[in-house]
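Turn these sequences into a full structure, and let the hints guide you.
Residue 21 is where the sequence shown starts when you use this note's numbering, and the numbers rise one by one after that.
Hints listed in this document are in silico derivations from the structure and should not be mistaken for laboratory results.
There could be a bad hint or two in this list.
[Stated by the list, open to error] Within a straight-line C-alpha distance of at most 30 Å, the following computed DSS-like cross-link-like pairs (lysine-lysine) qualify:
#1 LYS128 / LYS89
#2 LYS96 / LYS128
#3 LYS89 / LYS25
#4 LYS96 / LYS25
[Claimed, not checked] Label pairs and their calculated CB-CB ranges:
#5 SER125 / ILE146: 35 to 43 Å
#6 CYS147 / SER125: 35 to 43 Å
#7 PRO101 / ILE48: 26 to 34 Å
#8 ALA88 / VAL129: 27 to 35 Å
#9 ARG41 / CYS147: 25 to 33 Å
#10 GLN40 / ALA142: 34 to 42 Å
#11 GLU55 / GLU113: 27 to 35 Å
#12 ILE146 / ASP91: 46 to 54 Å
#13 TYR105 / ILE48: 53 to 61 Å
#14 ASP79 / GLY32: 18 to 26 Å
#15 PRO31 / ASP109: 23 to 31 Å
#16 GLU44 / ASP107: 29 to 37 Å
Where is the CB? At the ideal position from N, CA and C, for every residue including glycine.
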Amino acid sequence: MDASKLVFPHPGEIVHSVVQRTHEVTGIPVSQIRESLSGDRSLKGVLATIPARLAELSDHVLAEHPWAKRDTLALKYTLFPYYTYFDDDSSREQALELVARESSSYLKVALGMTQRGITRRATLRICRGC
21 MDASKLVFPH
31 PGEIVHSVVQ
41 RTHEVTGIPV
51 SQIRESLSGD
61 RSLKGVLATI
71 PARLAELSDH
81 VLAEHPWAKR
91 DTLALKYTLF
101 PYYTYFDDDS
111 SREQALELVA
121 RESSSYLKVA
131 LGMTQRGITR
141 RATLRICRGC
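Here it is, written out as structure tokens:
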């Protein structure tokens, strides 16, 4: 697929939505769109809830596309601002650098998101003895 066939994103539209909309408009298989954008059919890092490897994506779109600038891509077209809302500026800048070049696992560690999920207890615990 030629990168010029990628539809322009609406304000605030995330990457996954644009890939799906491009599929609907052009009829090109989603896997082929993903491969043409990053060289990887899965594009797992880019389409994950926590974005990653955005440099690959921004390098494959046309220069006039809004995603050509990595910072703009991360801040306006992913859920990155949601995950860094309460972080200070230095942590946000470090995370922004990781979003461009690393996998999402590095970003999770940088943002302190390494906790496991909440486990369900069989009984209600009111005191330490319970």
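Consistency of the hints with the structure:
Among the hinted pairs, LYS128 with LYS89 is consistent with the structure: their alpha-carbon atoms are about 22 Å apart, no more than 30 Å. A distance of roughly 19 Å separates the Cα atoms of LYS96 and LYS128; the hinted pair therefore holds under the 30 Å criterion. This hinted pair checks out: LYS89 and LYS25 have alpha carbons roughly 18 Å apart, not beyond 30 Å. Straight-line distance between C-alpha atoms of LYS96 and LYS25 comes to about 21 Å, which keeps the hinted pair within the 30 Å bound.
Between SER125 and ILE146 the beta carbon distance is about 37 Å. The supplied range of 35 to 43 Å therefore holds. Separation of CYS147 from SER125 is about 38 Å and conforms to the stated range, judged on CB atoms against 35 to 43 Å. With their beta carbons about 29 Å apart, PRO101 and ILE48 fall inside the hinted range of 26 to 34 Å. Look at ALA88 against VAL129: about 28 Å separates their beta carbons, and that is inside 27 to 35 Å.
In this structure, ARG41 and CYS147 break the distance hint of 25 to 33 Å, their C-beta atoms being roughly 53 Å apart. GLN40 and ALA142 have their C-beta atoms about 41 Å apart, which keeps the hinted 34 to 42 Å range intact. With their beta carbons about 31 Å apart, GLU55 and GLU113 fall inside the hinted range of 27 to 35 Å. At roughly 49 Å, the beta-carbon separation of ILE146 and ASP91 lies within the given 46 to 54 Å, and the hint holds.
Our hint of 53 to 61 Å for TYR105 and ILE48 is violated, since their Cβ atoms are close to 35 Å apart. Our hint of 18 to 26 Å for ASP79 and GLY32 holds, since their Cβ atoms are close to 23 Å apart. Between PRO31 and ASP109 the Cβ separation comes to about 24 Å, which falls inside the hinted range of 23 to 31 Å. For GLU44 and ASP107, the Cβ-Cβ distance of about 35 Å falls inside the hinted range of 29 to 37 Å, so the restraint holds.
Checked against the numbered hints listed earlier, the structure breaks hints 9, 13; every other hint is satisfied.
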